[in-house]
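Using the sequences and the accompanying hints, generate a full structural model.
For reference, the chains in residue letters:
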Amino acid sequence: MRITLEEVARHVGGRVVGDGSIVLSGVAGIKEARPGQLTFLSNPKYERFLATTRASAVVVSPEHSGAGPDATPLLVAENPYVAFAQAVELFSGTTIAPPAGVHPAAVVAPSAILGTEVSIGPHAVVMDGARIGDRSVLHPGVCIGRDVVVGSDTVIHPNVSVAASSAVGDRVIIHAGTVIGSDGFGFAREEEGHRKVPQIGNVVIEDDVEIGANVCIDRATVGTTRIGRGTKIDNLVQIGHNVVVGEGALIVAQVGISGSTEVGRGVVLAGQAGIAGHIEIGDGAMVGAQSGVTKSVLPGERVSGYPAQRHSVSKRILACMRELPSLFRRVRDLERRIVRIESEGECQGPAKGR
Amino acid sequence: MRITLEEVARHVGGRVVGDGSIVLSGVAGIKEARPGQLTFLSNPKYERFLATTRASAVVVSPEHSGAGPDATPLLVAENPYVAFAQAVELFSGTTIAPPAGVHPAAVVAPSAILGTEVSIGPHAVVMDGARIGDRSVLHPGVCIGRDVVVGSDTVIHPNVSVAASSAVGDRVIIHAGTVIGSDGFGFAREEEGHRKVPQIGNVVIEDDVEIGANVCIDRATVGTTRIGRGTKIDNLVQIGHNVVVGEGALIVAQVGISGSTEVGRGVVLAGQAGIAGHIEIGDGAMVGAQSGVTKSVLPGERVSGYPAQRHSVSKRILACMRELPSLFRRVRDLERRIVRIESEGECQGPAKGR
Amino acid sequence: MRITLEEVARHVGGRVVGDGSIVLSGVAGIKEARPGQLTFLSNPKYERFLATTRASAVVVSPEHSGAGPDATPLLVAENPYVAFAQAVELFSGTTIAPPAGVHPAAVVAPSAILGTEVSIGPHAVVMDGARIGDRSVLHPGVCIGRDVVVGSDTVIHPNVSVAASSAVGDRVIIHAGTVIGSDGFGFAREEEGHRKVPQIGNVVIEDDVEIGANVCIDRATVGTTRIGRGTKIDNLVQIGHNVVVGEGALIVAQVGISGSTEVGRGVVLAGQAGIAGHIEIGDGAMVGAQSGVTKSVLPGERVSGYPAQRHSVSKRILACMRELPSLFRRVRDLERRIVRIESEGECQGPAKGR
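Protein sequence lines correspond, in order, to chains S, G and W. Just so we're on the same page, the working numbering is the position in the first sequence counted from 1, plus 393. Just so we're on the same page, the working numbering is the position in the second sequence counted from 1, plus 393. Just so we're on the same page, the working numbering is the position in the third sequence counted from 1, plus 393.
Watch out, some of these pointers could steer you wrong.
Claimed, not checked - Derived pair list, reagent style DSS-like, types lysine-lysine, alpha-carbon separation capped at 25 Å: (1) W/LYS688 - S/LYS438; (2) G/LYS688 - W/LYS708; (3) W/LYS688 - S/LYS424; (4) S/LYS708 - S/LYS438; (5) W/LYS438 - G/LYS589; (6) S/LYS688 - G/LYS688; (7) W/LYS589 - S/LYS438; (8) W/LYS708 - S/LYS708; (9) G/LYS708 - S/LYS708; (10) G/LYS688 - W/LYS424; (11) W/LYS708 - W/LYS688; (12) G/LYS708 - W/LYS708; (13) S/LYS688 - G/LYS589; (14) W/LYS438 - W/LYS424; (15) S/LYS688 - G/LYS708; (16) W/LYS438 - G/LYS688; (17) G/LYS589 - W/LYS424; (18) S/LYS424 - W/LYS589; (19) G/LYS424 - S/LYS589; (20) S/LYS708 - W/LYS688.
As the list claims (entries may be wrong) - Calculated from the model, a selection of chain W residues having no Cβ within reach of chain G, i.e. all distances over 10 Å: (21) HIS532; (22) GLU584; (23) LEU711.
Hints listed in this document are in silico derivations from the structure and should not be mistaken for laboratory results. We put the beta carbon where it would ideally sit given N, CA and C, even for glycine.
Put into structure tokens, the structure is as follows:
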């Protein structure tokens, strides 16, 4: 595919600085780009590469619209990352969709209901009472349990399991190996051991959610574990029973959310963070990477550390920790000096009866 | 299903306070419950909901037997969570078990031995020499390797892989995507790189174990990686080669246990904890969430933090850390004051030959 | 299999101290070994078992060549762990390889190209344009996407998914449930929510790499996510889009590497460590377990803690933390003493106009 910079600019709603007639053949990262490719600058860390990139054009924000070397045309956009995403769409063209229809090596229960143009790959299984919406794709090895409802235009990658009674919305993407609707970790301690609490709730994944690979989302004990509209979940994330995640949240890889916790709208949970059970993370809150959140977080608050507290406080504590060895030296010095003062005081001072 | 509160009380061995003739149609969490439903109070955090729940009856402990609002009948039980679990069983009724028999799309080796009423789903594979006990269920896409032994009444969910020579006991539940018997991470460093140490041991899962989704339990290098009777393992847990876990342990999501470590009976490892290799976690020990255990833990001990130490010590250290910024201020203040004292001392003191 | 100690010594290139004619029937760990078995001593923690092991012979390093009890013959080798690995190979004999050929329950696209003696298990899928090298094995339920290239002598365990356009080298081992080539976690924030950035790059796994179970390696946004030759990856590891891992690295279980980070040759990332995005971990660097690496690490450096810093510094800080409660006591004591000095000073000092 060969498109001029001017055409890309028109597609993404930006303006060209320099020669808009140059022809581009693809997109690439700023470090890897070769002549003929379009790249972008969004992360300030990469500003230094602006002068050296071999790309034929760079998507930049207005503040960098004058910064390029004379020869490199720029595409100036308000949000360079969004513009780049749109350009990638332009160059990626139409990916080859799997063919509609049920592969002869798939197993679909007679009572299951399939929409139009559904694609069901080899070795996929759709159990009794399940419904699959129009144009949705089940890749090979996907297992859709009894009475599961899958919406339209949803793509479920290989070897995903969606267990009985779960509901998955429209335009959802679930990556390979993910498990939706496994039993929650619920045991009542008895003298003879751990008694399993039956997990009879379900999981609901709302529209436009994307879920990474090898994620686990447990069904509710009773009621529903819910992932809100437009939320994006990275790989290897654990979501416990009865968790409710609001709309538009971002949950980065290897995060764990314990049972019955409520995560608000637009919350960001950075990688490997752990969230305790039965708490609330308020709308728009941000939790730092590897944090351990042990109590509820107010809306809009930014927390980090273990136990997680306001990020400004955590940062100050971390700064103090780095100075601990010197603090110990300072205290030792004070101790020496005070001993000297005390002993001098005794020499100088009035003879206290001794 | 419609059952009176009195009938539930009889089933779970509790007593009714209030009107035992009310008819219940199901169970729910204390916040979500609607009229007609039974709920329970076990977590003290939720005590405040006792007054506002819309449930028609609440399972409570004896200490709350007088606390309900006049109108809400109570079911008083020694262990409300156990009683609730039993009530859930009552209301959940019989789940629809997959039909006995081998699905025509399953592949079972001729030399495999199947018990009576075994259910083998589509696209499951049972390899040569494997044995599956009576009434056990292999869901779709399960792969049972050569010479694996699976006990009776065991349920293995979709896309689980149990590799050659492993043994799985009776009444075991393994959730989707879990891998039993992958090679341990064993490499000997040579000049040319890492030489793989063949992993020729196996994995033994004893009776009544439950294993979550996308868990990994590696086979032993030589000998056996063993999960003791009645132990419950949550999702995304990593268990290294030659680990031995005792009976009745609880291992919460995303925990990692390094090779050759022994975990005692009834140990609790909270979420995201990491346990070093070649150490012992004594019977009944508890390891806090996100802890990093670097050396052996005595029986009954409770540890937390990184590196994990006695929980009481960790807590004191965390409390100190929160006070670090103020400690720095205090030390700075001391320094100023001691400088003043020292300079005053010089003024006051005897003229030292100057 | 029954082999004399002398034969083992010849095979592994070591020398016998004691009776080399004894017959060995297998290998085992030093604690579990029974008469007739060969064991080894490599971890110094296990030195104490040298005197009590029931093994018939022990592989030891030269420094232990005189340490065995009189009756236990020793096999002395420069690197006992490597020698043991070789001995295990000797005793494990030839594992039963799956039969060459395409199982009738596998689905291989007509345009896919298979090498000689390829083994494709039941319910595996090989899509259009894929190529599988000579003698490679696809276990049951493996899904190989469009245009994927798999090298020779590579083994891919059950239910692994390798998505379109990925490339896997020769002699690679991928354990069960792993996902190669899932979409990177790339979203551009727009007012209406998170816009997916199409992930049109791929993943390249070079020769001699081993990848554990339930690992996730995301495809690049544009360009390539690359795992270098001879690198070994443990279970449940997350590798983000555009990450480049050098040759011969060791990545232990549950590590997470964020997008676009470069990990050098021979780097060791210990269990549960988290690495931020867009940074560089220099050749030969070592990252401690559970560390959080937030900025680039120099070649050969050893870092630990959160945020990760030089291990020697982290260790000193941890040592200080353990002493924090006592430091608080010491500061309180200093405060008391300085108050006393100050008040004494006021008594003693010259009357300041009062």
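Results for each hint:
1. W/LYS688 - S/LYS438: 12 Å, holds
2. G/LYS688 - W/LYS708: At roughly 16 Å apart (the allowed maximum being 25 Å), W/LYS708 and G/LYS688 satisfy the hint.
3. W/LYS688 - S/LYS424: Holds, because 19 Å separates the two Cα atoms, which is no more than 25 Å.
4. S/LYS708 - S/LYS438: 21 Å, holds
5. W/LYS438 - G/LYS589: The given pair, whose Cα atoms are some 22 Å apart, holds under the 25 Å limit.
6. S/LYS688 - G/LYS688: Outside the cut-off at roughly 29 Å; violated.
7. W/LYS589 - S/LYS438: 22 Å, holds
8. W/LYS708 - S/LYS708: Judged against 25 Å, a Cα distance of about 19 Å means the pair holds.
9. G/LYS708 - S/LYS708: Measuring from Cα to Cα gives roughly 19 Å; hence the hint holds.
10. G/LYS688 - W/LYS424: Holds. G/LYS688 to W/LYS424 sits at ~19 Å (cutoff 25 Å).
11. W/LYS708 - W/LYS688: 19 Å, holds
12. G/LYS708 - W/LYS708: Since the Cα atoms of G/LYS708 and W/LYS708 sit roughly 19 Å apart, the hinted pair holds (cutoff 25 Å).
13. S/LYS688 - G/LYS589: 44 Å, violated
14. W/LYS438 - W/LYS424: 12 Å, holds
15. S/LYS688 - G/LYS708: This hinted pair holds, its Cα atoms lying about 16 Å apart.
16. W/LYS438 - G/LYS688: The hint holds at about 12 Å.
17. G/LYS589 - W/LYS424: 22 Å, holds
18. S/LYS424 - W/LYS589: 22 Å, holds
19. G/LYS424 - S/LYS589: Within the cut-off at roughly 22 Å; holds.
20. S/LYS708 - W/LYS688: 16 Å, holds
21. HIS532: The claim breaks: W/HIS532 does not keep its Cβ more than 10 Å from every Cβ of chain G (closest is about 7 Å).
22. GLU584: 33 Å, holds
23. LEU711: Nearest chain G Cβ is 7 Å from W/LEU711, so the label is violated.
The structure shown violates the earlier hints numbered 6, 13, 21, 23.
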